[in-house]
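> Given next are the chains, with one letter for each unit.
Number of protein chains: 2
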Amino acid sequence: MSAEIICVGTELLLGDILNSNAQFLAQQLAQLGIPHYYQTVVGDNVERLKQVIEIATSRAQILIFTGGLGPTPDDLTCETIADFFGVPLVERPEIIEDIAQKFAGRGRVMTPSNRKQALIPQGAEILPNPTGTAPGIIWQPRPEITIFTFPGVPSEMHRMWQETAVPFLQNQGWGKEIIYSRSLRFWGIGESALAEKVTAYLNLPNPTVAPYAGKGEVRLRISAKASSEQAAEALITPIEKQIKDIAGLDYYGADDETLAAVVGQLLRVSKETLSVAESCTGGGLGQMLTEISGSSDYFWGGVISYDNSVKVRLLGVNPEDLDKFGAVSATVAEQMAVGVKTRLLTTWGLSITGIAGPTGGTDTKPVGLVYIGLAGPNDEVASFEYRFGTMRGRALIRHVSANAALDLLRRRLLTR
Amino acid sequence: MSAEIICVGTELLLGDILNSNAQFLAQQLAQLGIPHYYQTVVGDNVERLKQVIEIATSRAQILIFTGGLGPTPDDLTCETIADFFGVPLVERPEIIEDIAQKFAGRGRVMTPSNRKQALIPQGAEILPNPTGTAPGIIWQPRPEITIFTFPGVPSEMHRMWQETAVPFLQNQGWGKEIIYSRSLRFWGIGESALAEKVTAYLNLPNPTVAPYAGKGEVRLRISAKASSEQAAEALITPIEKQIKDIAGLDYYGADDETLAAVVGQLLRVSKETLSVAESCTGGGLGQMLTEISGSSDYFWGGVISYDNSVKVRLLGVNPEDLDKFGAVSATVAEQMAVGVKTRLLTTWGLSITGIAGPTGGTDTKPVGLVYIGLAGPNDEVASFEYRFGTMRGRALIRHVSANAALDLLRRRLLTR
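As given, the protein sequences belong to chains U and B, one line each in that order.
Note that full-length UniProt numbering has the first sequence beginning at 1, numbered continuously upward.
Note that full-length UniProt numbering has the second sequence beginning at 1, numbered continuously upward.
Mixed in with the good hints, there may be bad ones.
Which copy is meant is left open, because identical chains are indistinguishable; a pair holds if it fits in one copy or across any two.
Derived BS3-like pairs: lysine-lysine, alpha-carbon spacing no greater than 27 Å straight-line [claimed, not checked]:
1) Lys102 <-> Lys215
2) Lys116 <-> Lys50
3) Lys215 <-> Lys116
4) Lys102 <-> Lys197
5) Lys215 <-> Lys244
6) Lys102 <-> Lys116
7) Lys225 <-> Lys241
8) Lys50 <-> Lys225
9) Lys197 <-> Lys241
10) Lys176 <-> Lys116
11) Lys116 <-> Lys197
12) Lys365 <-> Lys102
13) Lys244 <-> Lys225
14) Lys176 <-> Lys271
15) Lys241 <-> Lys50
16) Lys215 <-> Lys176
17) Lys244 <-> Lys271
18) Lys50 <-> Lys176
19) Lys225 <-> Lys197
20) Lys197 <-> Lys50
No lab work stands behind these hints: they were computed from the structure.
Construct all of the structure, not just a fragment, from the sequences and the given hints.
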């Protein structure tokens, strides 16, 4: 038994809107443990929609449609489905009454075109829409096929799904098994290197383990199929522990935990504080740290020393060293870190100076060269050189630089 | 002749990621005037992917695949396509060399699993990936079928599409009628208010004008259908001019022009400089300004004064005023702006202090209350109060605050 998601709307084919409905339904089906193997997008076109229904009925038993339920002539999902199964549409007075009431509630009068929304296939149940005018249907045109239709407006669709579709699916005995996932996050190791380290896990049947990469980091998703969240957890936890042991410090957090959140939590526990000095990231490191509500407990602020004069004036960087070694150098990174730490009176000072490009690179100092400085208790100070390469673009170099700085502090806090 | 978009990845079926690749490709195909009638999402599964290829080849001539080109065993798009058409994979040494070079550039060693990415169907052309390791292919396995493959990482896919796929499609003589759009951007006016002002334009047949809203700003997209970009421009330009006249200062830029870019250009022209003092945005304003390469010509840096001690120590805010008026106040915003301007010796100083939430609000100072300070030449100083409301969330309040500050400076620079 499996489901298929069919999103109807020419606006999706024109790229006018993001198909967030497909993502929502996909997440919901996964949580219910109802497998789905295909999603299809098709325009507001009778013949093509019929062809899509033909294909879907040959490979899925639950067909979930979104879009095309509105009052205008190009909304034709419901009549096309009825026509495909050779069943007439009937006007349902309770829908007309509901629409008329909703219009009255907004001080408007129902238009004739809305009557169209009261036509549903003979034998179908109404799937009520509490917030909009277009109801959906739940319909079994054949014993082995169940059809759901939803309007394309995400907020209406979500509520109809939760309030009516989910209980219906569960009553049918579908969705007994759930799929539950945890995403483990890694920094400082590439996708292929990590995959090789955990290669024994990549072919497990349940839970499954799959790597994916994005924006400088790698994730491993552990997905378990089980009868309950608890049972899924019991499958995931031992694998998670083994993978964490293999990965060591390259593992930094799970699911929505960012490096900034992990570092923040470590500082909160150790009752220490942090300040930053940023050149090429221009404030991006501070922004990451302050995405977390409550970060003021440990993050005190910093200096954006984009111009060299600011490095000298606000951070106390030695102008002679700036001349001698250049702004993008280990020496300057260290002086920036020490400068911000001592001026803001924090436990740790973290600095970034680099060449984000696309211009400004030289043979000896190419685009992507970044120095990160870290100053800490007992006059501890160190710097680290990174070469992020020229091909990844300015935005990614800045993003990776800020996260590399956070990762450095994370490793330092965990290894003392 | 039509195209079909096929997105491969179990993460899409699990709802882990939004299918932004389908939207991007849909927009691009629309711009090129290449019709496409179906989008399909399928998991990393050989048999189901083959079935999808079977269906797609029966109804489309251009098949565009994204995802499944990585180095791990679950990445099987390329081999499945080759297998479907009964063509062997061949290892291409130029791909291996390219991957090895990219690894070397990042100071890493290529892993054996990456060799897999060098296997492409016999007879296929390499579609180069300038920023990642996974190349795509352009392949005509049959005279009437053209296949493109792209990695799932959006930034890599976009560049490969623009640099190689678009010229290829145009060379083939496809995409003769184009849809060309310009997006006008507005700050400081709501969607319905703007729609009312330009209501006469919203029913034009060609070009069409459509409003849409997002992240605190409103856009009007003007789209023309024509035989060439030039012909489309000729349709768009007069409408664009009329709308700009109607909107006045609420219009700030077009397409990819951000407020930070517009302000930067104004400062560049007037040969003036800017510094920032940020509390609740934590560096986000500096980050926006430095997204632009070359921003060091006018942006000198700033202070992230997240903790009150930093406002006093680095910006010279009066501690008694902090006590009396609170950190989120007009007085403190003005002192921050003056403080950063005088300490960094810039023409303008821009400050933000506010309550981004979700905690920290009070009856008199609710979440969403933000003060922006602006200090300029001849001891000019002013502050502005904003109430962004509690419902929009921390990230959006911070985003809107930083842009409101930039918009304030933009209006000041344009009205002197």
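> All the hints need checking, so say for each whether the structure fits it.
Here is what the structure says about each hint:
1. Lys102 <-> Lys215: So Lys102 and Lys215 pass the 27 Å test across copies only (16 Å; inside, 36 Å).
2. Lys116 <-> Lys50: Within one copy only: 20 Å inside a chain, 40 Å across chains, cut-off 27 Å.
3. Lys215 <-> Lys116: Between copies only: 22 Å across chains, 41 Å inside a chain, cut-off 27 Å.
4. Lys102 <-> Lys197: between (52 Å within a copy, 21 Å between copies)
5. Lys215 <-> Lys244: Within one copy only: 21 Å inside a chain, 37 Å across chains, cut-off 27 Å.
6. Lys102 <-> Lys116: within (16 Å within a copy, 59 Å between copies)
7. Lys225 <-> Lys241: Only inside one copy: Lys225 and Lys241 sit 18 Å apart there, 57 Å across copies, limit 27 Å.
8. Lys50 <-> Lys225: between (34 Å within a copy, 26 Å between copies)
9. Lys197 <-> Lys241: Result: close within a single copy only, 14 Å intra versus 59 Å inter.
10. Lys176 <-> Lys116: neither (37 Å within a copy, 38 Å between copies)
11. Lys116 <-> Lys197: Only across copies: Lys116 and Lys197 sit 17 Å apart there, 57 Å inside one copy, limit 27 Å.
12. Lys365 <-> Lys102: between (52 Å within a copy, 17 Å between copies)
13. Lys244 <-> Lys225: Close inside one copy (21 Å), not across copies (55 Å); limit 27 Å.
14. Lys176 <-> Lys271: The answer is neither: 44 Å in one copy and 64 Å across copies each exceed 27 Å.
15. Lys241 <-> Lys50: So Lys241 and Lys50 fail the 27 Å test inside a copy (49 Å) and across (36 Å) alike.
16. Lys215 <-> Lys176: The answer is neither: 35 Å in one copy and 36 Å across copies each exceed 27 Å.
17. Lys244 <-> Lys271: within (26 Å within a copy, 54 Å between copies)
18. Lys50 <-> Lys176: neither (31 Å within a copy, 29 Å between copies)
19. Lys225 <-> Lys197: Intra 24 Å, inter 53 Å, cutoff 27 Å: intra-copy only.
20. Lys197 <-> Lys50: neither (48 Å within a copy, 31 Å between copies)
Of the numbered hints listed earlier, those contradicted by the structure are 10, 14, 15, 16, 18, 20.
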